[in-house]
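Chemist: Sequences listed follow chains A and B, in order. One point on numbering: in the working numbering, the residue at position 103 of the first sequence is 103, and numbering is uninterrupted. One point on numbering: in the working numbering, the residue at position 83 of the second sequence is 83, and numbering is uninterrupted.
Watch out, some of these pointers could steer you wrong.
If you want the ones that stay clear, here's a sample from chain B, every Cβ over 10 Å from chain A, calculated [unchecked claim]: (1) 15; (2) 19; (3) 35; (4) 37; (5) 44; (6) 46; (7) 53; (8) 102; (9) 107; (10) 111; (11) 112; (12) 113.
Output of the computed footprint for chain B on chain A, the stretches with three or more beta carbons under 8 Å from beta carbons of chain B [said to hold, decoys possible]: (13) 7-19; (14) 25-39; (15) 75-85.
Derived pair list, reagent style DSSO-like, types lysine-lysine, alpha-carbon separation capped at 30 Å [stated by the list, open to error]: (16) 106(A) x 28(B); (17) 28(B) x 89(B); (18) 78(B) x 106(A); (19) 43(B) x 106(A).
Calculated from the structure, these hints are not laboratory results. A virtual CB, placed ideally from N, CA and C, is assigned to each residue, including glycine.
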Amino acid sequence: QSVLTQPPSVSGAPGQRVTISCTGSSSNIGTGHDVHWYQHLPGTAPRLLIYGNNNRPSGIPDRFSASKSATSASLAITGLQAEDEGDYYCQSYDRRLSAVFGGGTKVTVL
Amino acid sequence: EVQLVESGGGLVEPGRSLRLSCTASGFKFGDYAMNWVRQAPGKGLEWIGFIKSAPYGGTIEYAASVKGRFIISRDDSKNIAYLQMNSVKTEDTAVYYCTDLQFYYYMDVWGKGTTVTVTS
């Protein structure tokens, strides 16, 4: 049971928009700590996708965007592509548990 | 080029010890916190622990699942971070990743990982 809750899977057709939710609590996201997102494609190391709630590192396409509200966050992928298929994780800081990850969401491109 | 390379993984028996290394290059190692994350087979990413840089007191924090068994350290003269794994359990079987840890607790640079298998 992860401290940050993500849906196990989402799917969409090429070109569609999918969103992944990340639900936390008053001890992590709700304390104002930033939410970050990682992409983990098969056979590769995880990659930072979004940092500081809604900032993309250089090289990350603007098809990826994110937002944060009180105790939750969400990642959106627009113009879904076959190469986006993989696992996506949110991450934040919890005042009791330190760094924490969500359980991960598998994105399937239909 | 900024790079992190993990080494030291392999097969280890339950109850034994193993030390992983993370060799950094391409950035000023001593200025950055270093961090370890693992992924067990079929599971998600799990944060293990981090060690802050000397300017930030070298603070170390661990996940509850490894606290008291794993020790994180660093040698800034060699640009290496270590993960000493003691009293290993079968549930410690995973790919172990070394990352940096930025000020707002995100992980920008990742190594390719090293695999640890705990088995008798």
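Chemist: Does each hint fit the structure? Answer for all of them.
Modeler: A quick look at each hint next to the structure:
1. 15: Its Cβ never comes within 10 Å of chain A, the nearest being 27 Å, so this holds.
2. 19: 21 Å, holds
3. 35: 7 Å, violated
4. 37: 8 Å, violated
5. 44: 4 Å, violated
6. 46: 7 Å, violated
7. 53: With a cut-off of 10 Å, residue 53(B) remains clear of chain A, as the shortest Cβ separation is near 16 Å.
8. 102: 7 Å, violated
9. 107: Non-interface label on residue 107(B) violated, nearest chain A Cβ at 6 Å vs cutoff 10 Å.
10. 111: 7 Å, violated
11. 112: Since the minimum Cβ distance to chain A is about 5 Å, residue 112(B) lies within 10 Å and the statement is violated.
12. 113: Contrary to the label, residue 113(B) does not stay out of reach of chain A, its closest Cβ about 6 Å off (not over 10 Å).
13. 7-19: violated (count 0)
14. 25-39: Answer holds; 4 residues pass the 8 Å Cβ test.
15. 75-85: violated (count 0)
16. 106(A) x 28(B): 35 Å, violated
17. 28(B) x 89(B): Judged against 30 Å, a Cα distance of about 34 Å means the pair is violated.
18. 78(B) x 106(A): 38 Å, violated
19. 43(B) x 106(A): 12 Å, holds
Checked against the numbered hints above, the structure violates hints 3, 4, 5, 6, 8, 9, 10, 11, 12, 13, 15, 16, 17 and 18; every other hint is satisfied.
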